[in-house]
Each structure stands twice: as C-alpha cells, then as structure tokens.
Amino acid sequence: MMPSLRLSGQRALWAMAGVAIIGVVLPLLLRSDFWLNFAIMVLFFTVLGQAWNILGGYGGQFSFGHAAFFGTGAYVTAVLQVKFGINPWLGFVLAGIGGGLVGAAIGFLSFRYGLRGSYFALVTLAFAEVLRILANAAAFTGGGVGTLIPLKQTAANFQFVDKTGFYFVIFALMLIGLLLAYWLENSRFGARLMAIRENEDAARALGVNAFAIKLGAISLSGALAGLAGAFYAQYFLYLDPRLAYGPGISVEALLVPIIGGMGTIFGPLLGATVLHVVGEIARKVMGDAVGLNLALYGMVLVAMVLFLPNGIAGLARRQRLKPKEERL
Amino acid sequence: MSEPLLDVRHVDKSFGGLRAIADVSLSVHQGEIVALIGPNGAGKTTLFATVAGFLKPDAGAIGFFGHDILGSTPDRICALGLVRTFQIVQPFAGLTVRQNIAVGAHLRHAGRREALELADSVGRRLGMAALLDRPAIGLTVAARKRLELARALATEPRLLLLDEVMAGLNPTEIDEIVAMIRAIRDEGVTVLLIEHVMQAVMSLAERIYVLNNGALIAEGTPAAIAANSAVVDAYLGHGAAGKLQAKQVRHA
Ligand SMILES: Nc1ncnc2c1ncn2[C@@H]1O[C@H](COP(=O)(O)OP(=O)(O)O)[C@@H](O)[C@H]1O
Ligand SMILES: [Mg+2]
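These protein sequence lines are chains A and B, in that order. This note's numbering numbers the first residue of the first sequence as 1 and each following residue consecutively. This note's numbering numbers the first residue of the second sequence as 1 and each following residue consecutively.
Calculated from the structure, these hints are not laboratory results. Backbone N, C-alpha and C fix where the C-beta goes; we use that ideal spot for every residue, glycine too. There is no bait here: all hints are sound.
What follows is a set of in silico ranges between Cβ atoms, one per label pair, in the way DEER data are often shown:
1. B/H29 to A/R112: 33 to 43 Å
2. B/R108 to A/S118: 28 to 38 Å
3. A/I22 to B/F15: 55 to 65 Å
4. A/L134 to B/A110: 32 to 42 Å
5. A/Y119 to B/T140: 32 to 42 Å
6. B/A130 to A/M286: 46 to 56 Å
Using the sequences and the hints given, assemble the complete structure.
Right under this line is the structure:
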C-alpha cells in the first residue's frame, strides 16, 4: 500500500543490522590501540551528534549549547563517584537522567517563551556558559583544577584494562542512538517533531502541542548527550569545566550531523567518520598544530554548506526525493 | 433551533490602532456550509485565526461544540474538532504528501501504520493518489491547496474552516474542489469557508456572512446577499449598488 515508505524503513533496519555486525567484528580487526581508540572516538562523536540530531535534525531546534547536557552527564558520574562513592554504572544511568533534566529545564524556559531560531541557539549557548562558570566556581566539581577519577580498572567500575570494553559500551550507545532516530522516523512523536521543524504553525493547526513535543525532544537529546558525557568521564578519567561545558563539545555536536546529514538516521555516523578521518589525515600531513582540527572543521563545514547542503546522507536522498512539478 | 456548533459572540481584535475585527457575532450549525465573504483586508483571516486559537481576542466569547474555547490553544481546539486551513498554504515542505497528511491523521490515531493508511485514503479521496510519495515542496498551487484541505480533513474534524482554498485555481479545478467540499459536508463535516470565487460561494453556501472593515454588514441566503445593496457597495465602492440597479432598470 505504501511501497516507498515501508521500503525505506526496512532498508534502514537492514542497514542498522549491517552496522551492528560490522561493529561487533571491527575490534577483532583493529589490532592496534591507535585504531581502537580512533573507532571509539568516532563512535563517541556519533552519539554526541545523534543527541544533537534528535533536537536539531529532526526537530529543527538548533542548539549551540549541547555541552550543557554533555557536561552535566560527565560531572554527575564523576562527582557522584569521587565524592559519594557511587558506582559509575549507576552514575552512567543518573547521567542520562541528569542530562535529560537539564534539557527539560532549558527547553521549558526557552520554548515557554517561544524562543526560536537564533534566539534559541543563543540561549542554549548562554546556559552552557553559565554552567561552565558555575563548575569553575563550585567546590564539589574541583573548580578550575578539575576532577580526577581514581584509576581502578575493573569492568564493575566502568573502567577497562582492554579498550575493547569501552568500545562495546560506546558502540551499544551508538546503536541506541540509531534506534532512537529510527523510532523518530516511524512514530507519531517523530512525525509531529518533524512537522514542527517544517512549519510550527501548521503543525499546531493540526493538533500538535508544539511545546510538549519540543520539550520531549530536548529532554531525549539531553539524556543521550548526558550519557555521552558519562562515557567521556570514564574513558579519560579527567574532567574540567572547559572540557565538560566549553564550546568545543557544543560545536562538535552540531558539526557531526550537519556534515553527515541532519534529520537522517545515519547522518551522525557518517559525519563523525568523515570528520575524524579528515582530522587524522591532516594531523599526519601537517603535524599537531594547535587549533588545526578546528580550522579544518571550519573548512569542511564551508565546503559542505556550499556543495552538499543536505550533508553526506543528502547525496543518496536527493536521488530518491527529487522534487518534480506535477500537474494535478 | 438547536445550539450552534460554532458560536462567535461580540468578538473584538485590534492590531495596534487597527480594529481588524469589530464586535463580530456569527454562528454555524451542525451540517451547514456557511460562507464568510468580504473585500481584502476585511478581517476574515483574522477571524479564523482567532477562532482557531492562534490569536487572542480583546473581547468576546467563542463557543464550540458546547465548550468555551476562548483563550484555548490551537492544538486543544483542533482536538475538539475544529480545524483551519491557511490562506497562504503552509506545507511541511520537506515531507512527502502522505507524511504531510499523516500529521493530521495522527491527531486521532497514535499508530504510524493507521495514520499512514488514513492519510492514504484521504489523499486518494481528494484526487492526490499520484502525488502521495512526492515531496510537498514540488507541488503546484492547486495541489498545495488540496494538500492543505487533505491535512485538515485527516484530523477528522466536526468543523472545517477553509480560507480561500480556491484562490489561484482554474475553473476545472474549482469545480473539482466544490464537489469535494460538498461531499465532505455530506459525510457530516460542517464547513465555514472564506472565498472570493462568488460562483462557488453561491452554489455551495446555505448562508453567507459579509465582513467589511472588521464588521459584519450582512447575513443571509445567497439570493438575499446578492440583492443586498450594502454588500455590493462594500465590494464595488460606495454608491455602486444604486448605479447597478439603475443600469438593470434600464436594461429591463
Ligand atoms: N498579525 C497582524 N498584525 C498587524 N496587522 C494585521 C495582522 N494580521 C492582519 N492584519 C491586518 O488586519 C486586517 C485584516 O486582515 P485579514 O484578516 O488578513 O483580512 P482578509 O483575510 O479579510 O483579507 C488587514 O488590514 C491586515 O493588514
Ligand atoms: Mg484573508
């Protein structure tokens, strides 16, 4: 009855199954620590980018402050375990909840007052900066000196001697992100979210409670970013306010899906892969100059906006959905 | 007579110094097709936006299906069964026609499959079968107007507010959409429509309200409105009715 739609949904499921199989086999092929670390970082940025994609790609609400959610997740895990001895696996779950709550709070304040477009972007940026300053000032975060998570390499402690452990955690999180995006493309919530992205007034006229849907999207997005933050804390065992809440994370979170393809299931995975392959090549060629990766990201972004405005995933989609004038 | 489905009482709405709607009262009964006409800038679209919850009136009362909907939000009003279309069509440009219609269908169908199936059948009923998988961005004016109607219909409303869905259509397309609107009413949906295409208004509407400069200046059957000199004056300028009558007398 609805051939193309169902097929594309099914195609996405097959592609996800393919990614799952490749992902499980990959660590067997990546014998070196360098490449395993590379894969982990790609997957980490995929998760972060997918978090942004939920709100920005599917919902059209462009955040410049995803560090607010990411950093909260990272600090929840780190502080709970350093100050209160709470197990980091539990901390991981609480980080998701914490990120989601910060998302809900920021969403409530900005959507309540009808902030859209660049106003919303600026407000999210401001919230992340406020949190950075607070983390700098507060005692329990270790202030500007940062927080060190003590080394205790057991799986029960969410620390792995073999990096493969970290790999599978972030890989599982990446799969959850893919499933979330798939759900958005095949559910009422997602249909309403995309309708808001396309035209909020038209969506409201058709019975969509835009405030509630956007609030749900930013909470979900915040939760996933919070989980990414907790992973980061466990992987590097060190946090400071700039790493957690600084604009660097916010920029990467939005670059990844913009480059890969906003509002697509696999956009963040494509974007994170391309970005980090290009980054790695540049480092090999030009050495480890300070700010090199950022300058490079800037150039990639400019090239994307000029030549591939729908991201890498847009290449495939453009063929499928070529607009055609059609007489009735 | 039974209680009206839509009951607008003494509604006022100003934009700054401009009184876009001045003390307007009108009612629409279950099963009717009622037209709202008037020159450009009369306040017709503003009245629709106010009734549908997009604008908050300065004064007045609005009842729908026994509920006081004044100050309610568009989504809640839509859930009660009152849906509007937009004069300036507002397609979800990046979505396909089917996905566009499904957003409306989701109002009463949580499942994706049911919503898509309903979207499918509404789209087919409105003659859009060949367009269902097209992105809305590439549609012609006629198709966009029809999509606007299809999405609204997919919410399974009690009352449809149609804002100039015939503007920009050719005579054949107008005949088609007139037939569709009549069929929609025959299935139990009440219709209030803003329209400039007078031949369509005259054939569709059972009653007509005329708005001019924000105020209602006439109400009646199509025949009564056509004979009303105040209405002719509003459209053609002051004194036009008299001249027209004089001309008709001379022709007779
Ligand atoms: N959002 C708005 N802000 C200020 N003025 C408006 C707004 N919407 C409509 N108007 C004015 O209100 C009057 C009625 O407009 P409208 O309801 O669109 O008329 P109609 O649909 O009958 O052509 C016009 O003078 C228009 O310029
Ligand atoms: Mg109008």
